[in-house]
Amino acid sequence: AQSVTQLDSQVPVFEEAPVELRCNYSSSVSVYLFWYVQYPNQGLQLLLKYLSGSTLVKGINGFEAEFNKSQTSFHLRKPSVHISDTAEYFCAVSDPFSGGYNKLIFGAGTRLAVHP
Amino acid sequence: EAGVTQSPTHLIKTRGQQATLRCSPISGHTSVYWYQQALGLGLQFLLWYDEGEERNRGNFPPRFSGRQFPNYSSELNVNALELEDSALYLCASSLYLAGQETQYFGPGTRLLVL
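Protein sequence lines correspond, in order, to chains A and B. Note that the numbering used here has the first sequence beginning at 465, numbered continuously upward. Note that the numbering used here has the second sequence beginning at 51, numbered continuously upward.
Simulated from the structure, these hints should not be mistaken for laboratory data. You may find that some hints are simply not true.
[Unchecked claim] Between beta-carbon pairs, the in silico distance windows are:
id, chain 1, residue 1, chain 2, residue 2, range
1, A, Ser548, B, Arg113, 38 to 44 Å
2, A, Ser473, B, Ser57, 30 to 36 Å
3, A, Pro504, B, Thr55, 16 to 22 Å
4, A, Gly526, B, Gly53, 34 to 40 Å
5, B, Ser136, A, Ser490, 46 to 52 Å
6, B, Gly53, A, Lys522, 18 to 24 Å
7, B, Asn109, A, Pro504, 36 to 42 Å
8, A, Thr519, B, Arg65, 25 to 31 Å
9, A, Asn525, B, Gly102, 31 to 37 Å
10, A, Ile547, B, Thr152, 34 to 40 Å
[Said to hold, decoys possible] If the Cβ cut is set under 10 Å, some of the chain A residues that face chain B in the computed set are:
id, residue
11, Tyr496
12, Gln506
13, Leu510
14, Lys513
15, Ile569
No residue lacks a Cβ here, since even glycine has one placed at the ideal position from N, Cα and C.
Using the sequences plus the hints, can you model the full thing?
This is the structure in structure tokens:
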């Protein structure tokens, strides 16, 4: 069964510094990968997704992620963070060939705290 | 275009009662997913409905059930509530097209069981 590991539960960073949130998934022939963000007391907002094609995916709010099949990773990056980026970030995977159902498997989440 | 909507935003119940949560998908989406986000347990898949049928369920007891209506909106019912059912319940909708699918989430219903 698919699993997702977010290697850092919390990432503190200063404003305008770069940040990388790490995500690894268990191996499969082919997967779809997603990053969602959850602001306090809100639902999940899609940041970006990898379905196929270019391994570098650009999303909203200046975030990007790189799909690395050999390392089974999908790390999220932003070159310069803002205070407003403070939130919980979830990496998720779905296996489009998993017998006809497409539930998302989520990582435990990484809390990004941006300090002034 | 309106996103996924959920109601109510908050719900307080006592042990043993029943809770009903509602979800309206994005217009044109035929699939609805339910997830539970409980403290310390992360986001867990509950149920998937597509075209009015339950397609799959996660590792939850039968007292978690639901349905999808002809307009593709969905209802999640939790019977015989237990304290550990306290969580944020998230609904997502999607449209499976050309072999690809992306789930879009609503704001959630926060259920508190006392």
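Status of each hint after checking the structure:
1. Evaluation of the 38 to 44 Å hint for Ser548 (chain A) and Arg113 (chain B) yields a pass: the beta carbon distance comes to about 40 Å.
2. For the pair Ser473 (chain A) and Ser57 (chain B), the supplied restraint of 30 to 36 Å holds, since their beta-carbon distance comes to about 32 Å.
3. Range check, Pro504 (chain A) to Thr55 (chain B): about 20 Å between beta-carbon atoms, so the 16 to 22 Å window is met.
4. Range check, Gly526 (chain A) to Gly53 (chain B): Cβ separation about 22 Å, and the 34 to 40 Å hint is violated.
5. Taking the beta carbon of each, Ser136 (chain B) and Ser490 (chain A) are about 30 Å apart, not inside 46 to 52 Å as hinted.
6. In this structure, Gly53 (chain B) and Lys522 (chain A) meet the distance hint of 18 to 24 Å, their C-beta atoms being roughly 22 Å apart.
7. For Asn109 (chain B) paired with Pro504 (chain A), a C-beta distance near 28 Å fails the hint of 36 to 42 Å.
8. At about 49 Å, the beta-carbon gap between Thr519 (chain A) and Arg65 (chain B) misses the expected band of 25 to 31 Å.
9. Between Asn525 (chain A) and Gly102 (chain B) the CB atoms are about 36 Å apart, so this pair conforms to the stated range of 31 to 37 Å.
10. As the Cβ distance of Ile547 (chain A) to Thr152 (chain B) is approximately 28 Å, the hint placing it in 34 to 40 Å is violated.
11. At a threshold of 10 Å, the smallest CB-CB gap from Tyr496 (chain A) to chain B is about 7 Å, leaving the interface hint in force.
12. Given the 10 Å rule on beta carbons, the hint for Gln506 (chain A) holds: about 6 Å separates it from the nearest Cβ of chain B.
13. Evaluation of the Leu510 (chain A) hint against chain B yields a held restraint, the C-beta minimum of about 6 Å falling below 10 Å.
14. Of the supplied interface hints, the one on Lys513 (chain A) holds, with its beta-carbon coming within about 6 Å of a beta-carbon of chain B, less than 10 Å.
15. Nearest Cβ of chain B to the Cβ of Ile569 (chain A): about 8 Å, under the 10 Å cut. The hint holds.
Violated hints for the displayed structure, listed by number in ascending order: 4, 5, 7, 8 and 10.
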